[in-house]
Every structure is written in structure tokens, then in C-alpha cells.
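Chains as they are written, first to last, in my numbering: chain W, 3 to 538; chain H, 13 to 313; chain B, 308 to 748.
The hints are simulated quantities; they were obtained by calculation from the structure and are not laboratory data.
Among these hints, one or two may not hold up.
Unchecked claim - Simulated crosslink set (SDA-like; lysine to any residue; CA at most 20 Å straight-line):
hint, chain 1, residue 1, chain 2, residue 2
1, W, Lys-292, W, Gly-343
2, H, Lys-35, W, Lys-123
3, H, Lys-152, W, Gly-343
4, B, Lys-396, W, Ser-363
5, W, Lys-275, B, Glu-738
6, W, Lys-275, B, Leu-386
7, H, Lys-147, W, Lys-404
8, W, Lys-84, H, Ser-89
9, B, Lys-662, W, Ser-490
10, H, Lys-152, W, Arg-78
11, W, Lys-45, H, Ser-89
12, W, Lys-498, B, Glu-483
13, W, Lys-280, B, Phe-487
14, H, Lys-156, W, Phe-271
15, H, Lys-148, W, Asn-311
16, W, Lys-498, B, Ala-401
17, W, Lys-275, B, Ala-401
18, W, Lys-213, W, Arg-148
19, W, Lys-123, B, Leu-386
20, H, Lys-124, W, Ala-427
21, B, Lys-397, W, Leu-309
22, W, Lys-531, H, Arg-29
23, W, Lys-531, H, Ser-89
24, B, Lys-396, W, Gly-343
25, W, Lys-404, H, Asp-30
26, H, Lys-152, W, Glu-143
27, H, Lys-152, W, Gln-83
28, B, Lys-397, W, Gly-343
29, B, Lys-396, W, Lys-404
30, W, Lys-280, B, Asp-611
31, W, Lys-275, B, Lys-397
32, W, Lys-306, B, Glu-738
33, W, Lys-84, H, Lys-156
34, B, Lys-396, W, Arg-78
35, B, Lys-397, W, Ser-490
36, B, Lys-489, W, Asn-277
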Amino acid sequence: MSFDPIPYDLFDALKHFLTVFGSTMFIALIVCLLVGVLTRGVKGIGDVFLGILDFFNQITHLSCRRIWSLSTLTIRESLRQKILFVFIIFAVLFMFAGWFLAGAADRPDLQIQSYIDFVLKAISWLVIPIILLLSCWSLPEDIRLRTIHTVVTKPVYRIEIVIGRMLGFTLLGSAILLVMGTVGYIWINRQVPESVQANLVSKVPIYGEIKFTDREGAPSAGLNVGDIWMHRSYIEGATKARAIFTFKDIDESDAINDELNLQSSFEAFRTHKGNMEKGGILYQFIFVNKDKGLRVDTAPLINKEYLENRLKINRKIMHESEDGKEKVEVDIFDDLVDDNGNLTIEVQCLEAGQLLGMARSDLYIRTPDHAFISGYSKAIFGIWLPMVLVIMLGVTISCFVKGPVAILTTMTIVLVGFMSKEYMAEILSGKMQASGAIEAWYRLITHMNSQTPLPDGPVKFMIQIVDMGIINFLWLCQQIIPNFGIFSNMREYVIKGFDVSWDAALLPGIVTVAAYILPCLIVSFYSLKLRELEAK
Amino acid sequence: MDNESVIQISNLTKIYRDFWGRKKVRALNSLSLEVKKGEIFGLLGPNGSGKTTTLKLLLGLLFPSEGEIKVLGQPASNVEKNEHIGYLPEESYLYRFLNAEETLDFYGRLFKMSAEERRERSAELIEKVGLGHAKKRQLKEYSKGMTRRIGLAQALINNPDLVLLDEPTSGLDPLGTDDMKRMILELKAQGKTVLMCSHLLADVQDVCDRIAILYGGELKVMGRVEDLLKEQDETQILTSRLSDEAIKEIEQVVAKHNGKVGTIDHPTATLESLFLKTVQESKERPGQRFVPDTQEKKAAE
Amino acid sequence: MNKLTSKHRKLAYVIAIIVLLIPVIWLGMPSTGEEGSGGELAKLRVEHELGESTLGDVDPSSASMNFVLLGLRGIATNLLWMDANEHQKKKEWAKLRSTVDSIILLQPHYMKVWDFQGWNLAYNVSAEWDAVEDRYFWVKEGIKFLNEGVTRNERFPELDWKVGNLHGQKVGRSDEWRLFRKFYKVDPDTERFENGPDPEINPERLDNYQVAKEKFLLANEKELKHKQHLQMRMLFRSAPWHAQFDYANAMQREGKFGKQRTDAWDQGFKDWTAIFGREEFISPKGPIVLEWSEPDIKNLAKRDNVSEEDKRYWTGRYQNMVNYLFWRTRAKSESESDTIDAHKSLYDGEQLFRKAEFDEAKAELEKGMALYAKVLNKYPSLIHEDLAIEEGLQAIILWRYIHELKGLKLPDSFPLKPLWIKEQGRVPILESELRQRFGIQ
């Protein structure tokens, strides 16, 4: 699974936002004051603060009536520009998609995945570029044709024009998304073969926390078997090594038909061939309730790799008592969930010399399914969010550059945000050796390899100070670029048949978009305020 | 006449700069003028003399390099003053995908006007500028003259106190020009202040109370139109057609009074009045060729 | 600067355009389909059979994809390739498969892509899965993928060879060969294939080596028209006949000693000597044949005007290169009753050992060893080949182990003792393999 549903730390995110936002604003203020003093003398300082005041003044006096009027104008403009032709492309795509997708895989469950993947990708790849073009093009065009002259000479704040555009495009995009989403939903329902209609649901998982113990039973981080992908950690079979999953807040409502549903997808690593014909390595679950001193094993299970192993356990389990003489019935929800509402499940690999690998997301409790529409609509919402972000960025950028430049800039930001966010983070984390710009130059010129430490002295000190400054500045720049990767996560959930997690996907998406509202408004406010709309 | 001043410009200078902040053009050089309430003020000058720049500075589309502007008692950058201003740009920069009604409705919404008010006002204005037949057509299908008309209607949607007109008659046929001039005078009659700039001198002469002539960004002449044009030491007599003897007699009379005859000839009508008359006649008697008031006509009679 | 008027400038542009168009048209005009029509490039394309349709089947979606991407398909392919690696790293197999399919849409005639990814699916991906059925599924995916490559590319005998290799070596020689060979005839997806094989892999329900042989034969046929760059020509062309030997060998590994096996060896001998052995291969001293008689050498030497010595020398060298004589002897010996009995006894001994019937096993092994020693005496060239050596050594190891278990003293002399002494170097590895196979600690 490519997604690891880690709950989003809202407080941390807020702190992060304030750091980035605060420092950017601080730098901007310093630069403005400097420029002000240089060009206007002492009066410049006053002007800067008046300008800041003006933002708050206008932002608090916005008129919904005017914004709405400008929004409808935006929508009307787009409609008259034949934006709805996009539906023709959409229709054509969908008419023939069935031909190309059918039979792409022999297995109907994978087939569903490719249908959903196709629908969601088609929608986002149609809507987002078009919206990007529209939002980047419209304001510069307005300025170029000077139609904006007749608007700004009315009692309209310039920021209202910006907000009106953003709102207009958002509404338009939402309507298009809604239509496409509905068509897509119907299409999926019709394409998916009868036999696997039951798979078309949104699974609702509860993920736990994972800990490992080593072969002696002491806490550890699990074994590494040398896989390039460091996602999973391994436990050794027939030893005291365990993976311990703790699930919070488990109660009866999480059962399906009085059964606890555990779904797992572990990976096997064999140190010897063992018995190949069984189809997988043996393992078992052990329910642990420390409060009551209970340890209840399940029967040995065979691990099928890369498949969802679904285990339904009746809530009443027969269990041998301590002394091993009599059988006692225990109830999972009444007896095995501890006093804090936690359910602890240990995973043990049963075969000597074989290892079983797992990560946090590899074992979850499946609670009653939601309808497919629940996850699907959230995935559509997951297209809506980046669309809104693109609109905000596009309109903001088009406030200070011309149309084609705005398109290129926005596109670059989106692409960088999609693809190289991780790469940049890696460079700027300082973990890479000799990654400072000046240091790299110094090494290039002096033919020094990156392993040799820099010679001590003032040169080293200077280089480090300057590089620190550069890296911090670049870090800030990198932080400003939105992480578009967050949104594609939501699609992953639905493709894999899950409901979209609020904690791990929706919330971060919403927060990411929300974080850009104020900065976008500030940037567009000042770029329009300081701009003579005459420029050709 | 009320002496309250509507526009006050003092020492206004505008310098266009290039991207690097280097001076490119000095478009206005310490211009000072004042427009009083209720008058029609004309800004004249050849192309590039700074007329439009002045208007745009007044509207806050451009920012002054130096000097001060007060419009309706407020600085030019203040947006609230626009509540009482109407502006007709040089070319009607309107949204070409809207029709006349939608255009007026859209601009109306930007003011504090109720839906009812907007509907009435736009219907009234469309009739007034004579676009009743084309109100459902998109602006991109309009001719130049029609766009000027809808542009004017747009400028008047909020019943402004101050109307700024940039080349109001450019691109209009004489009929349209006449309509435009009539409407400008009507505005004056309603007590509104009009500031227009133009290089079509005849139009200015016909409607303006006061004019200022700009050249190279500097104010060259300013004053009332009659005052500026009145030739103090000449008298003009206009009579019905006279015989040669009669002319001689008049010359003698003039000489007797120590006067001097300049030119005596048969005045020609302006082409404009001929054109207007022709159109008028054509409307009254369709299908007939118009015969101008000339000697042949008289001879025929 | 120049002071051309706008008219002159425009004229200059027009002239420049025309001048630039001339080579474009001269080089790039597409062919109308007639011989010699079109521009230089089109002619060259026809001459060297580089046109899309001469390379193999044209997939319309692939062609349109290339058109849409204009010149960017190289970049797009690279990006997809990186994606594929990423999917493989994260073990998203379905995505890996579909990404590979997209790469193929872009580069349908680039042999390395087919070769590498077919191998990747059948070997690397297959090995990642734990259950043997799943492993087999991915071997099939690899074969299907390469089959697709074969239909799209008529000019790569290598691809046919690789397909044959997957059918033969991957299915028949993996650690899981017993199950793979079973699945080859009865697919684990019994519901879908109704207890039969996957028709895309094995439509006629043959042995995997028989199918491999067919594929290798196709490769050989193509190789006559299009040069292969995989390995030495003689080795390349020996593949189908080796598949025949493997087929026969596999049967006896599975304990089938009936007529079918003997016929297969017989057939193998005929193929090897009558077809492969009579083919002419070019040596530095002109063509040679591996299955030769005196007149052959004389005729060839005369024809090519080289000495008989040279011909003899190169024939010998070439024979060594493909182990010609060994296989000839082996195939011949395998149809003799002594050899069959030797193999059967050794096999039975091993089976009895597995069932822990040690006394019976010991008796069978001793019988087999005696017979096997006889065969080796008769055909001494056999003791230069791995399989033959290992068969003997294995029997001795088991036989010695039984002595150890029973606390018996090893006799001083036993059949195959010379082999045992000569090949001591191989014993430790073989022993540990046997331990694993029989679960001996």
C-alpha cells in the first residue's frame, strides 16, 4: 500500500504555518520599509504602515453584493468562452474508455481499481488544467483589454475583483465537478461486473499503533531484511519477536455481525525455502488484555502475500484457562478490550527461520462498510480542493504578471508541488552531504571531494554562515510551494476500496487549502494596489 | 452659478518610467486646474498632450508622480468617491460577451442599487442612447457608434454627479455626434458636472463652458469658450443675398464711419449642417433626392 | 544595422522559408506506398525495413500515442520507467504491470524493454510472492508480456528465444519446478481454466519443454532472416534440441521411465545428429559441420581451399563449444536398457529413502550404482557433464548416509568409487542441497 494513514497533527501544522507565514511577512515588511525609506525618506515608513492598515480596512469592508456580481460576471465570461466544450472531451473519453480498460487485468477486483482510477484521473486531468488556464488568463486579459477600467472606476475595491474571480471560478469548477462526478459514478456502477458489485464499497478501517519486540521479547524496532523500501519491519518466526498493534477506542459498534474483522497484508521473507506448497507462512494473532491478565490466541493462519487476508472472529472465543484444564468463553469487546478501551493484538510468526514483515497500515480492524458513494464523493472533494488551490494561486499570480507567464508560473508550482516536494525537502533538511551552495562551489573549485571536512578557519566559518542563510531562505521558498501530493492520497483510498480518512487525508487537504487563503489575498491585494492598471 | 469646485488639481506631474525605473516620458508637467460644479469643462490638445493621462489620474487608474488631486473633495485613490462618478473611457472597454441589458445590470450591481432600480434605470438609459432595438445583442456584434452609446449609458448608470468623458464623440457619425452633444448638454441641464477631453474642436466649441488646452503635458490656455474666441475689433454682418450695387453702397457707408471692409462674399454652410439637413429631409420625405438651398433651386423657382 | 525595408524583409523570410523547405521535403516526404516514392528518409526506411509495419504488428493506440507526444516520447518513457521502478520498490504489482504496458505503448520496437521487463516479471516479481501459485501467475505474466513483444516485432529472434527460455528454464528449472510443471498442465486457477492449462501459455496441453522447443524453433527460423545478437550463433541454434533433451530428462527426474521417455531421448538423438549436427556453421576456416564423416571434411576442405588439418581442428573446437559429443553420447546411451535401469534404480532408491525405508533404499541404490558404473565405463565421456556426475554423487551420498544411520561400516570398495574420489570438490554443496530437500538436519 502506498499510503500510510498517519493522523494529521493539526496543532503542529498550525505552528508550522505560523512559522512560515510569520517569517515571510517579517521579511516582506523589512524589505518594504527599506524601499520606503530609500524612495520617500522618513515619510516612507508612515506610508508602509498606512498601506498595511489599508488592507485591514478594505478586508473588513468587503461587499458581498459586489463580489457576487463580479463572480457571476466571471462565470458568464467562462461560459461564453465555450468552457463547457470540456464536457464533449469528457463524453468522448467515457464513451471509449470501456474499450481500453476492459480486460486490462484478468482479475475483476483489480478491474474495479482501474475503473475508479480512470474516472478520478480523467476528471482531475480535465478540470484542473482548464481551470488553471481560465484563472490565470482572465485577469491579465481584463487588464490588457482595459475592461477592468470600467470596473475599478466604480466603487469597487480591487481585492473584490480578485475575490470575485476566485469565487466565480470555484463555483464554475464545482458545478463542472459535480456533473462529471455524477456521470463518473453512474459509469463506474454500470461498468463494474455484477459478480464484484459487492466489492464496490468504502471500507472503514481503524488503524492502530505498532511496536515491535525482538527475539528475546525486548522492545525493538523490528528487523530490516535489506529491502530497499524501508516501509515494513520484520519479526522472526518461532521466537519471542512480536509486532504489537494497539487499537484505540474499540467497542461493539466496530463489529460486523458480532464478528471482529481483522484485515492484514503482511509480507513474508524466507531464510530457507520451507514448505512452499502451503501457500504462505504461518502466523497467529494473540489478543492481550493486561488489565485482566488475559492472552488469547487465534488458530494458526496462512499469510497470503499482497492480498487482503480477512479474518472474521466471532466475538465469543473459547479459550483455555490459565491452568489449561477448562475452556472459558471470553468476549472480545467485553473481556479483551482493556479498561481504556484499547484492543491490543500481538502478531507472531510461527515458522522457525522465516520472517514476517509489517508496517502500521498492514493490520486494521474493519468496521461496518460505508456505501461506495461515501468514499467516492470524498475523492471528488479531493479533486475540488486542489482545484480551489490552483484557482487561488492562478488568480493571485495573474495579479502581477501577464497571462502566459501566469500560466507557466502556476503550472510550475503545481508540478513542483506534485513531484519534487520530497526531493527538495531532502536537500534542505541538511542531511545531504556538502549540499550548501557556497560550499559546493568551494569544493568544485578546489577539487575537494565531499567526504573531506572543510579546513578550519575563517573561510569555513564564512561558508557555513552564508550557506545557513541560503538554506534557510530556500527552505522558506520550498515551504511556500503547496504540497499537492496530499490530494492525490484521497484517490488512492478510494481506488483501494477505502473510505477517505478524515484524519489522514481530508483534514490535511482542507487545512492546506485554507492556509493559502490569507497569503493569496495579501499578495493579490498589494500587487493590484501598487499596480497602475494602464501597463500594456 | 454655484462656485463649489468638483475637481481640484494642483501641480500635477506624471512621469512614465520603464521597468528599471528610468524616466521614459514626462506626460504631465505641474498641471493645475479646477472644475466647478455644474459646468462642462473641455480638455483640448493634440494626441499625446496628456488629456487622457489627466483623466486616468483623476480616476486613480494611474498614480501621480507629484502633486495633488481632489475629486469631489476626496483623494483620487479613494474608491468611495466613485459612487458619484461616471466614466466613459476612450474606447468603450466593455465586456464583449454581455448584451446591453446585462452590461448595465452588471455595472448597476456594483453600486448600491436595488434590482428594481437597476431595471428601470437601464431601460431608461438604453432608450435614451437609442439602443432599444439592439439590447439583446452581444456587444461584440456592435458597431463602433453603438459601443460608444452603450459606453455612455454605462457611465450614467449610477446617475453620477461628475461625468468624465474621454473623446466622447470619436468614432461617431455626425448624427451620433449630435446626439452625444445633446445628451452632454442635457447632463448640464440636470446640474451635473462634465469633464471631457477631445481633439475634435468643433464638438468642444459647441458644448463646453470652459476649456483648457494642453500641449506636451503643459497647460497652455484656459478660460471660457466665448471669451477665448471673441474677436474684439471686428464686426460681422449677415444679411440676405445682396446685389453688387448694394455691396458697393455698404462699402461706402463703412468708409464714411472710418471703417474698413475685410471680406465680403456669400457664406457657405458647414458640411455638418448640410449633412444633418439631408438626413432630416430624407426622414421626412423618403424616396426623393434632396435638393440643397442653392442658386439653381432659386432659379428653378 | 541593416536597413531593409519591410517589403525586403518579408521577401527574405519567404526565400528563407523556401530554402529551408527544400531539404525538409527532399528528406522527409512520406512515401505513398509505391516503390521508390517519397523522400530520402522514406526510401531509406523502405530499404532497411524500418517502417512501423515492417517491424511487426502496429498497435493503433501506440501509434497515436507517439503522435500526440511528438518528440517527447523518450522523456515520457524515462519518466514511466522511473515510475515502474518505484512501483516495483513499493511492491505495487498491478501498477507495475500497467506502467510497463504504457512503456510498451511508447517504445514497441525497442527490444531491451521487452527483454528486461519480461524477465523482470517472470523472475523478480515472481520471486517476491510467497505462494507458488502466485509465483506461477507472474511467470505467466512474463511469458504473456514477451509473447506480445514477439507479435509486435518480427525482426528479433532474440525475443522468441527468450520466450522459449521462460517456458523451458523458468518453468522447468526453478526451485519450484515440480509445482510449476504441474501448473503448466493444470493451471492453479482451476475454475477459470477448467482444470486445464492457461490457453495463452499452453494451448495444446503439452509439456513445458515441448512448448519451449516450438518457440526455439520459431526463433531459429527467424534467425535465418534476421541476425540475433544474443550469443554465438551455434549456441543460439542449439536451443530447440537442448529443450528436447530437457524434456526427456525432466520425465526421468519425475520418475517416468516408460516408452515416452525413451522415445524422447531417441528423438533427441535424431534431432541432434541429423538436424543440428548437419547444419553448417562458419568457423575462421570456413563452414564446418558438427556431425562429420571423412568425406565431409575432405569435401569442405577442398571447397574452401583450406587444409584438412584446419577443418578438423575447428570442427573439434566447435564441437567442444556446444559439448556436442557429450550430448550425442548421452542421448544414445539413454535408449539402452542398462542406462534406463540405472536411472530407475537410483530414482527408486531415492524415493524409498524419502519414505524412510532404508534397507530397501540401500539395496536399490547399490543396484543402481553398479549399473551406473557400467554405463560410465561404456561411455566415459559422460563423466565430464554436471548432471551425470551429480546423479552418481547423489546416490553415493544417500547410500553413505544410510550406512551412517544404521551404524554400518562402509565397505572399502563400492561401485562409482573412482567418481566419488575424483569429484570430492562437489560433495559439500551437494550434501547441503540434499539436506534441504529431504529435511535432514
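Right, here's what the structure says about each hint:
Distance restraint check for W:Lys-292 and W:Gly-343: the Cα-Cα separation of roughly 12 Å lies within the 20 Å cut-off, and the hinted pair is therefore satisfied. Only pairs whose Cα atoms come within 20 Å are accepted, and H:Lys-35 paired with W:Lys-123 is rejected, the gap being roughly 52 Å. Restraint check: the Cα-Cα separation between H:Lys-152 and W:Gly-343 comes to about 69 Å, which exceeds 20 Å; the hinted pair is violated. This hinted pair checks out: B:Lys-396 and W:Ser-363 have alpha carbons roughly 17 Å apart, not beyond 20 Å.
Distance restraint check for W:Lys-275 and B:Glu-738: the Cα-Cα separation of roughly 16 Å lies within the 20 Å cut-off, and the hinted pair is therefore satisfied. Proposed proximity of W:Lys-275 and B:Leu-386 is contradicted: the alpha carbons are some 36 Å apart, above 20 Å. A threshold of 20 Å between alpha carbons decides the hint, and for H:Lys-147 with W:Lys-404 the separation of about 33 Å lies outside it, so the pair is violated. Restraint check for W:Lys-84 and H:Ser-89: not satisfied, since their Cα atoms lie roughly 36 Å apart, outside the 20 Å limit.
Between B:Lys-662 and W:Ser-490 the CA atoms are separated by roughly 57 Å; this puts the pair beyond 20 Å, and the hint is violated. In summary, the hint linking H:Lys-152 to W:Arg-78 is supported, as the alpha carbons are separated by about 15 Å, within the 20 Å threshold. As the CA atoms of W:Lys-45 and H:Ser-89 are separated by approximately 18 Å, the hinted pair is consistent with the 20 Å bound. Distance check on the hinted pair: W:Lys-498 and B:Glu-483 sit about 31 Å apart at the alpha-carbon level, beyond 20 Å; violated.
Proposed proximity of W:Lys-280 and B:Phe-487 is supported: the alpha carbons are some 14 Å apart, at most 20 Å. Pair hint H:Lys-156 plus W:Phe-271 does not hold up; C-alpha atoms about 80 Å apart against a cutoff of 20 Å. Of the pairs offered as hints, the one joining H:Lys-148 and W:Asn-311 is violated, with about 66 Å between alpha carbons and a cut-off of 20 Å exceeded. Between W:Lys-498 and B:Ala-401, the direct Cα distance comes to roughly 12 Å. Compliance with the 20 Å bound is thereby established for this hinted pair.
Among the hinted pairs, W:Lys-275 with B:Ala-401 is inconsistent with the structure: their alpha-carbon atoms are about 25 Å apart, more than 20 Å. Between W:Lys-213 and W:Arg-148, the direct Cα distance comes to roughly 64 Å. Violation of the 20 Å bound is thereby established for this hinted pair. With a CA separation close to 18 Å, the supplied pair W:Lys-123 and B:Leu-386 stays within the 20 Å bound. For a cut-off of 20 Å, the pair hint linking H:Lys-124 to W:Ala-427 is broken: about 50 Å separates their Cα positions.
Between B:Lys-397 and W:Leu-309 the CA atoms are separated by roughly 14 Å; this keeps the pair inside 20 Å, and the hint holds. Simply put, W:Lys-531 and H:Arg-29 have alpha-carbon atoms about 18 Å apart, close enough for the 20 Å limit, and the pair holds. Straight-line distance between C-alpha atoms of W:Lys-531 and H:Ser-89 comes to about 10 Å, which keeps the hinted pair within the 20 Å bound. The hinted pair formed by B:Lys-396 and W:Gly-343 fails the criterion: a straight-line CA distance of about 37 Å is larger than 20 Å.
Among the hinted pairs, W:Lys-404 with H:Asp-30 is consistent with the structure: their alpha-carbon atoms are about 16 Å apart, no more than 20 Å. Using a Cα cut-off of 20 Å, the hinted pair H:Lys-152 and W:Glu-143 holds, with the two alpha carbons roughly 16 Å apart. With a C-alpha separation of about 13 Å, the suggested pairing of H:Lys-152 with W:Gln-83 holds against the 20 Å cut-off. A hinted pair counts as satisfied when its Cα atoms are at most 20 Å apart, and B:Lys-397 with W:Gly-343 does not qualify at roughly 34 Å.
For the proposed pair B:Lys-396 and W:Lys-404, the alpha carbon gap of about 43 Å is over 20 Å, so the pair is violated. Distance restraint check for W:Lys-280 and B:Asp-611: the Cα-Cα separation of roughly 62 Å exceeds the 20 Å cut-off, and the hinted pair is therefore not satisfied. About 23 Å separates the Cα atoms of W:Lys-275 and B:Lys-397, which puts this hinted pair outside 20 Å; it is violated. Only pairs whose Cα atoms come within 20 Å are accepted, and W:Lys-306 paired with B:Glu-738 is rejected, the gap being roughly 32 Å.
Proposed proximity of W:Lys-84 and H:Lys-156 is contradicted: the alpha carbons are some 25 Å apart, above 20 Å. At roughly 48 Å between alpha-carbon atoms, B:Lys-396 and W:Arg-78 are farther apart than 20 Å, so this suggested pair is violated. A threshold of 20 Å between alpha carbons decides the hint, and for B:Lys-397 with W:Ser-490 the separation of about 17 Å falls inside it, so the pair holds. Distance check on the hinted pair: B:Lys-489 and W:Asn-277 sit about 17 Å apart at the alpha-carbon level, within 20 Å; holds.
Hint violations for this structure: numbers 2, 3, 6, 7, 8, 9, 12, 14, 15, 17, 18, 20, 24, 28, 29, 30, 31, 32, 33, 34, all remaining hints satisfied.
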